[in-house]
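With the hints as extra help, turn the sequences into a complete structure.
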Amino acid sequence: MFRWYRNAHVCIAHLAQSQSLQDLQNEQWFTRGWTLQELLAPWRMKLYGKDWKPLRSPPQHADQ
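Each residue of the sequence shown is one higher than the one before, starting from 0 at the first, in numbering that gives the first Met the number 0.
By construction, these hints were calculated from the structure, which means they are not laboratory data. Be careful, since some hints might not be right.
To be verified - Each pair of labels, with its calculated beta carbon distance range:
#	residue 1	residue 2	range
1	2	50	25 to 35 angstroms
2	8	34	11 to 21 angstroms
3	2	31	24 to 34 angstroms
4	24	53	28 to 38 angstroms
5	51	25	11 to 21 angstroms
6	15	35	16 to 26 angstroms
Claimed, not checked - The list that follows gives simulated cross-link-like pairs (lysine to aspartate or glutamate, DMTMM-like), each with its CA atoms no further than 25 angstroms apart:
#	residue 1	residue 2
7	49	26
8	52	26
9	45	26
10	49	37
11	52	37
12	49	22
13	45	22
14	52	22
Beta carbons: idealized from backbone N, C-alpha and C, even for Gly.
What follows is the structure, given as structure tokens:
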């Protein structure tokens, strides 16, 4: 399976319990054993919350 994810152009994870990155600590997706390879193997990973909006870090300002 690792090779399968590694060869993927992008891996998409729908995190059905999250609306923001702060919610990730309670996300059931991270309790499954095989999610580590889903998270680490792909060259590009996209995380979507329960409303299918992308989960992203807040923009960083250059002066910080």
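Here is what the structure says about each hint:
{"no.": "1", "hint": "2 / 50: 25 to 35 angstroms", "in the structure": "32 angstroms, holds"}
{"no.": "2", "hint": "8 / 34: 11 to 21 angstroms", "in the structure": "19 angstroms, holds"}
{"no.": "3", "hint": "2 / 31: 24 to 34 angstroms", "in the structure": "19 angstroms, violated"}
{"no.": "4", "hint": "24 / 53: 28 to 38 angstroms", "in the structure": "19 angstroms, violated"}
{"no.": "5", "hint": "51 / 25: 11 to 21 angstroms", "in the structure": "19 angstroms, holds"}
{"no.": "6", "hint": "15 / 35: 16 to 26 angstroms", "in the structure": "19 angstroms, holds"}
{"no.": "7", "hint": "49 / 26", "in the structure": "11 angstroms, holds"}
{"no.": "8", "hint": "52 / 26", "in the structure": "16 angstroms, holds"}
{"no.": "9", "hint": "45 / 26", "in the structure": "15 angstroms, holds"}
{"no.": "10", "hint": "49 / 37", "in the structure": "18 angstroms, holds"}
{"no.": "11", "hint": "52 / 37", "in the structure": "19 angstroms, holds"}
{"no.": "12", "hint": "49 / 22", "in the structure": "11 angstroms, holds"}
{"no.": "13", "hint": "45 / 22", "in the structure": "16 angstroms, holds"}
{"no.": "14", "hint": "52 / 22", "in the structure": "14 angstroms, holds"}
Comparing the model with each numbered hint stated earlier shows that hints 3, 4 do not hold.
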